[in-house]
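Trainee: Residue numbers (my numbering), protein chains in the order written: chain A, 10 to 167; chain B, 1329 to 2054; chain C, 569 to 795.
Calculated directly from the structure, the hints in this document are not laboratory data.
Please read all numbers here as calculations on a predicted model, not as lab measurements.
Certain hints may be false.
[Unchecked claim] Not the full set, but computed from the structure, chain C residues with beta-carbon under 8 Å of chain B:
no., residue
1, 596
2, 627
3, 654
4, 692
5, 695
6, 698
7, 720
8, 723
9, 730
10, 735
11, 748
12, 752
Idealized CB from N, CA, C, for every residue including glycine.
Listed below are the residues making up each chain.
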Amino acid sequence: MKRFVVIVSIVIFVSGCGETVRQPIKFNHKKHVDMGIGCDTCHIYVKEQPFAGLPKIEICLGCHEAPITKSAEEEKIRDFKKRDIELRWTKLTNLPDYVYFSHRRHVGIAKLDCKGCHGDIAEMPVPPERALVSLKMGDCIDCHRKKKAKTDCIYCHR
Amino acid sequence: MALTRRDFIKVVGIGAFAATTGCTKLSEFMDEGAVSVPPNGVEKWIPSVCGQCSGGCGIIARVIDGRVVKIEGNPLSPINRGTLCARGQAGLQVLYDPDRIRAPLRRVGDRGSDRWREIGWDEAIGEVAERLNGIRRKGIPHKVAMISGSERGSMDLLLCRFMEALGSPNYFLMPDDNDDIQIDAISVMQGIKGRPLFDISRARYILSFGSPLIETFSSPVQTMRMYGEFRGGNGKMRGRLVHISPRLSVTGIKADRWVPLRPGTEGVFALGIAHVIIKESLYDRDFISSHTSGFDGFREILLKEYTPSYVSKITSLAEDRTIEIAREFASFRPSLAIANRCRLYDQMAIHSLNALIGSIGKRGGIIFQSAPGPYALPLSERAIAMTPISGSPYTLSEAIRNGSPYSLEALLIYNCNPLFSLPDMHEASRGIPFIVSFSPFMNETARTADLILPNNTYLENWGDVLSHTAEGTAIGIRQPVLKPIYRTMQTGDVILRIARNMGGDIEKSMPWGSFKDALFYSLRQLRKRKGEVFGISKGLRGEEEFLEAMLAGGGYREPSDYQRPGEFDFHQVTSPQAVRDYKKGLSGGDEKDYPLYLNIHRLSTHSGITDYNQPYLKESLTPEIPEAWDSWVEINPETGKRRGISTGDMVVVESQAGRIRLRARLYQGIMPDVVSIPFGLGEAGLGRWNKNIGVNPEKILVKDIDLPSGNLIRNSTRVRIYRADG
Amino acid sequence: MAKWVMVIDLDKCTACQACVVACQVENNIPIAGPDETERQRIIRWMEIIPFIYGEYPDVRMRLLPRPCMQCDNPPCTKVCPVRATMLGPEGIVAQIYPRCIGCRYCTSACPYTVKYFNWHTPSWPEEMRNSLNPDVSVRPAGVVEKCTFCIHRLQKAREKAAAEGRQLREGDYIPACVQTCPSCAMYFGDSENPKSIVSDLIKSPRAFRLLEEIGTEPKVYYLSEGQ
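All chains should be modelled from the sequences, with the hints used to inform the complete structure.
Mentor: Laid out in structure tokens, this is it:
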């Protein structure tokens, strides 16, 4: 089985496909983005860390401590808090362990747009059931060639 | 989906492959055993103090989402300046040791049956308090003893105070591997207690008499750093090292010269060197006239008796050797003579070389420093008038067995494993009705306990460690880098809770709510002193800011105060008793039946640690011998040949005290009439990486106590060796 | 382009093996255990190798810390049928695990025996997984691995420098073994930078490299013992 994994894993580089994912809250990306809220407001580490970070409930409560809308989904946030339940988002875009990817490098330093890799997530009124874009190693290489970034294996494989 | 060339080769290699990948989650393909690394997170670096030995190195722990993923040296600590040894690096295997004790345990079977039941902390603490109170009510509190591992900070003071308040003089500190220095000689000859500092970095010549100088000396990382400087770091001239010992250790390998010397003759050899220094007038007249007494008598006896020819007869070394080394030692100043903690008189003979050339109390020599004075807990309200059951931990087992001067009712054991390092404690422990262990690990001592009140590991604890450096004294502050991962509790807190539970005077003597309070009480007092917080020289306002800065930097330091060394007393080196001891040599069995000496050597990876269940250390036991996960006995190839023993053979090593079986390893670095076995394996603990791994050579040690110092002599046992199948 | 070089001063080295353990912790090296060790399947990217000369009593020993030599002319890369191991632009020899087919040609070709094969899926007791370093992957069974000069630290250091809008400075990037060395016997840096310590040290008359005569051009230099 192990050998099989090795083979498959290079084919499916960033696994965008898979069974559908259900998130704890039906988060509306579009609505938030339309109001001018940037991605890094909730994905707070996107410019400083290798990972972007999925928001903890405290971040939601920063705005939603008191009701802003009449949405039942919004009420869930406060309910979770009241019952001391942690928000467990499911990550859609998963990198294999052996790939080093840094959001800080791409977003914080190179100032790339999130959309380039994550697609039109900002347009989604409901949480996507799977990653909108399925990335493979070739996609990384293409972009790196275009932008004249390093393409040596050693800089991304670990 | 296209297959790459690589895939093709692979597939051909393994035969069938059905490419039915489609749209499937990667995780489904991960096979059973495959490990994925826990997700990344925001990292924090938290300063603390290493607990793998008593050296006191500052550490910083890399913590990600409550997981500790790496330990590095704290660059601000003057002890280790950002570096760490193998043990320090392996510290995560202490914290995440899967066989740690996870909750208080009560023994439910016979001793040694390993049948335990988990109990609550209230029950455990309540029971200890009640038992101790019962003993107190009977008016025999002196029958409670405590053995503690080497501690150099507030925890030692707290335990000592607890025993005092209880009314027992029986608080014993287990000697530490790091104490393998001539500290007894320094204490007797100069009247100085406490740990001297050998200024190795500034010495130009070092004579090591079997010292584990770069393996496990004093504060090991600090010593190694100083050794690097001694070898020409910091733009200084390269120093020269001569190692005198029956076995070629790592120190011997790294030395400029190894001089094989018969066990037990190091004192005579040192006096031979002293003879040449005196005869050729190479000694330091000023130092001798101003800092010593009894030189004339010493000189007379030495010149008369310890001539190179006499010394050569005793040591079997060529006369020229003694003369050459003596001349080098006296001319390459500053030079240092370092002993291991052998017989007192041998230590004294070796230490007298330092006095002869004035290498005491100055740079490049042996330095004495004061510890911050008011930094301590106030005196407890009780005092004790009883005599201790034993003068040293080595004679403790005999006293307990004989019930003389009295028997013990209870034994508390903290941060050490005496049944391992003193095998005859096994029998002694049987006669003690109540044994309490604070061990977080199921080692052989804990296995004999009635109750185990498991301590946290050092990464989960508060504490402080005092250490000396050539640049000054440092106090490293240990703080938890994560919350205890199991139902364990810092022993300091447990002791305070036991005291509270016992009530009365004991409660009054231990007024702190938690060990952290007691620690902070000590640390606050440092503010009045002239030192500074690690990394910050001034500008701290108020006590709280001072404390906070200490926690953020990892500790406190103050500049060196070179204390005046006590007057050096030459009389004792050549006292009739000493001379008798030199002549007597070592006696650990009949030479005819047991023709070989047993040498027990230390491994840098297994010295000072309290948890032997660390696989990375078991894999890399020692660099000079390619062995791992097992013990071995080193035999000179000549000796092996005569007995038909080759490397890898199972052999029996037998002394008057018993026999052990282990594998032979022929080694050019051992004298023909000596065999050597490493110490640190063969612990009868229940950890998966130490159970049935190696043997403990101390089991065949013929018990030989050096009466003047109370030390256990570890190199006097005689053995014979033969093939296990022969 | 930087050229990363390691210098080990054998005169200062105490063979304490801090480098060995630091490397294991940093790089998620699996625990071998007694049986696998017996079968010589222990993995140690950094290892201290003992050499013994002469006989008692005129015996001399040398203890040599041995990481990957990161050869400029590496024999291992030439035999790899799938280009899973190759010389990187800054002189670090890469080992790309998902590419590796486990043929072990490189293991045989390496004269310094720095390449290790994963005979099994590495496993840790549940408790110990917490200590795994997220900057480094855990290698699957069937691939070869070796010292990388802790290149993940280079990536982090470079990223940090870029975020602060500056060039990488001397000392920003050092491997775990060099960082922990108690006697400060190990040095690391860019030999193309004339101001670096290593560019000075490799010119020392004490400097030598292992098996220099076979033309591998290692980037690990040793400073010999003695004066």
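Trainee: So, for every hint listed, does it hold in this structure?
Mentor: Hint check:
no. : hint : result
1   : 596  : holds (7 Å)
2   : 627  : holds (4 Å)
3   : 654  : violated (13 Å)
4   : 692  : holds (6 Å)
5   : 695  : holds (4 Å)
6   : 698  : holds (4 Å)
7   : 720  : violated (11 Å)
8   : 723  : violated (13 Å)
9   : 730  : violated (18 Å)
10  : 735  : violated (22 Å)
11  : 748  : holds (5 Å)
12  : 752  : holds (5 Å)
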